[in-house]
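*Asks:* The residues making up each chain are set out below.
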Amino acid sequence: MADTKADSLTEPQKGRLSFKLASTMDSVAEVEAAAERLTQAAGLDEDESFRVAMAVREAAVNAVLHGNGYDPAKQISASFENNGKSLIITIADQGEGLDPDKIPDPLAPENLLRGTGRGIFLIRSFLDEVHFRQLHPGTELTLVKHLSPAAGKLPDSDKPQDSDTK
Amino acid sequence: MALSIATRQLDGVTILDLSGRITLGEGSVQLRDAIRDLISKGDKNILLSLGEVNYIDSSGLGELVSAFTTAKNQNAEVKLLNLTKKVKDVLQVTKLYTVFDIYDDEAHAIGSFK
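So the sequence lines, in the order shown, correspond to chains A and B. Per the numbering used here, residue 1 is the first one in the first sequence, and the count goes up by one each step. Per the numbering used here, residue 1001 is the first one in the second sequence, and the count goes up by one each step.
Careful: at least some of the hints might be erroneous.
As the list claims (entries may be wrong) - Which stretches of chain B does chain A cover? Using the computed rule of at least three CB atoms under 8 angstroms from a CB of chain A, they are:
#, segment
1, 1009 to 1015
2, 1034 to 1048
To be verified - With a Cα cut of at most 25 angstroms, we get these calculated SDA-like pairs of lysine to any residue:
#, chain 1, residue 1, chain 2, residue 2
3, B, Lys1086, A, Lys74
4, B, Lys1072, A, Leu113
5, B, Lys1095, A, Ser18
6, B, Lys1086, A, Phe121
7, B, Lys1086, A, Ala73
8, B, Lys1088, A, Ser125
9, B, Lys1072, B, Phe1100
10, B, Lys1072, A, Ser125
11, B, Lys1072, A, Thr142
12, B, Lys1044, A, Ser49
13, B, Lys1086, A, Lys102
14, B, Lys1088, A, Ser18
15, A, Lys74, A, Pro100
16, B, Lys1088, A, Val144
17, B, Lys1079, B, Glu1106
18, B, Lys1095, A, Glu110
19, B, Lys1086, A, Ser18
20, B, Lys1088, A, Gly115
21, B, Lys1088, A, Lys74
22, B, Lys1095, A, Gly43
23, B, Lys1088, A, Arg133
24, B, Lys1086, A, Glu96
25, B, Lys1088, A, Lys85
26, B, Lys1079, A, Gly43
27, A, Lys85, A, Asp26
28, B, Lys1079, A, Val144
29, B, Lys1088, A, Glu96
30, A, Lys102, A, Glu46
31, B, Lys1079, A, Arg114
32, B, Lys1086, B, Gln1074
33, B, Lys1085, A, Ser18
34, B, Lys1041, B, Asn1054
35, B, Lys1086, A, Glu48
Everything labelled a hint here was simulated from the structure, so no lab data went into it. On a predicted model such as this, the values are computed, not experimentally measured, just so you know. Virtual Cβ for every residue (Gly too), placed ideally from N, Cα, C.
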């Protein structure tokens, strides 16, 4: 069962935080705040922190609004991890699914003055890797921000024991 | 922090001093209503002063674009003044920086409306 698998992510893991939230804008704010805490704890500078947190917010808005359609019966799942090399954030909804290949390019001249369609583009612009996975039902986005050696420090309590083996 | 909007007139230009965030659920609708209100009253020269806007998301960008196109369709103009670094960053990434008339100096911006 998908729920069982998702619930298992809430088990305590080093450097990883997971939770499920209602399909509301309050949840978006909560996810955004968690992303800010993650980036700041990882030592990202203000500009990079802003970009990552904004991308995470856009992903959460997509999940709540376009994925779940504010449906109170559906939840979004979010996880945040610093593995010492990268920040890895996942945001999942329980909606109809999304085909990333069918998203119009917002930089194309015919789309530049459209009022919508920039969320996924901003996410891709502001992160190093973006992966889409189709769930049944829903979509999961995995957002990855690589850490520079100087910024990639873990809080002491979260350091994995093999962090210096490679 | 939600968006606050203060309106003033100077030399035939309506200046909206915006402060806060222009995001889905916080400032987008306020901005849309303010622009529509001005255009419906016949204002042709609209300057959005964004010096106190510290955050804009894709929804907020959409509202800026809608303001621009709505104004243009009514033979009005919407220009931007005093972008913060974050707003400028987002406008540049989305290539909207090339769409808008953008100024750093209010007097220069006002003089650009003729």
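*Asks:* Confirm or reject each hint.
*Replies:* Hints versus structure:
no. : hint                    : result
1   : 1009 to 1015            : violated (count 0)
2   : 1034 to 1048            : violated (count 0)
3   : B:Lys1086 <-> A:Lys74   : violated (33 angstroms)
4   : B:Lys1072 <-> A:Leu113  : holds (12 angstroms)
5   : B:Lys1095 <-> A:Ser18   : violated (35 angstroms)
6   : B:Lys1086 <-> A:Phe121  : holds (16 angstroms)
7   : B:Lys1086 <-> A:Ala73   : violated (36 angstroms)
8   : B:Lys1088 <-> A:Ser125  : holds (15 angstroms)
9   : B:Lys1072 <-> B:Phe1100 : holds (12 angstroms)
10  : B:Lys1072 <-> A:Ser125  : violated (29 angstroms)
11  : B:Lys1072 <-> A:Thr142  : violated (39 angstroms)
12  : B:Lys1044 <-> A:Ser49   : violated (38 angstroms)
13  : B:Lys1086 <-> A:Lys102  : violated (29 angstroms)
14  : B:Lys1088 <-> A:Ser18   : violated (33 angstroms)
15  : A:Lys74 <-> A:Pro100    : holds (21 angstroms)
16  : B:Lys1088 <-> A:Val144  : holds (24 angstroms)
17  : B:Lys1079 <-> B:Glu1106 : holds (11 angstroms)
18  : B:Lys1095 <-> A:Glu110  : holds (13 angstroms)
19  : B:Lys1086 <-> A:Ser18   : violated (28 angstroms)
20  : B:Lys1088 <-> A:Gly115  : holds (18 angstroms)
21  : B:Lys1088 <-> A:Lys74   : violated (36 angstroms)
22  : B:Lys1095 <-> A:Gly43   : violated (29 angstroms)
23  : B:Lys1088 <-> A:Arg133  : violated (32 angstroms)
24  : B:Lys1086 <-> A:Glu96   : violated (33 angstroms)
25  : B:Lys1088 <-> A:Lys85   : violated (29 angstroms)
26  : B:Lys1079 <-> A:Gly43   : violated (37 angstroms)
27  : A:Lys85 <-> A:Asp26     : violated (30 angstroms)
28  : B:Lys1079 <-> A:Val144  : violated (36 angstroms)
29  : B:Lys1088 <-> A:Glu96   : violated (34 angstroms)
30  : A:Lys102 <-> A:Glu46    : violated (33 angstroms)
31  : B:Lys1079 <-> A:Arg114  : holds (17 angstroms)
32  : B:Lys1086 <-> B:Gln1074 : violated (30 angstroms)
33  : B:Lys1085 <-> A:Ser18   : violated (32 angstroms)
34  : B:Lys1041 <-> B:Asn1054 : violated (29 angstroms)
35  : B:Lys1086 <-> A:Glu48   : holds (11 angstroms)
Figure legend: structure checked against the earlier numbered hints; hints not met, in rising order: 1, 2, 3, 5, 7, 10, 11, 12, 13, 14, 19, 21, 22, 23, 24, 25, 26, 27, 28, 29, 30, 32, 33 and 34.
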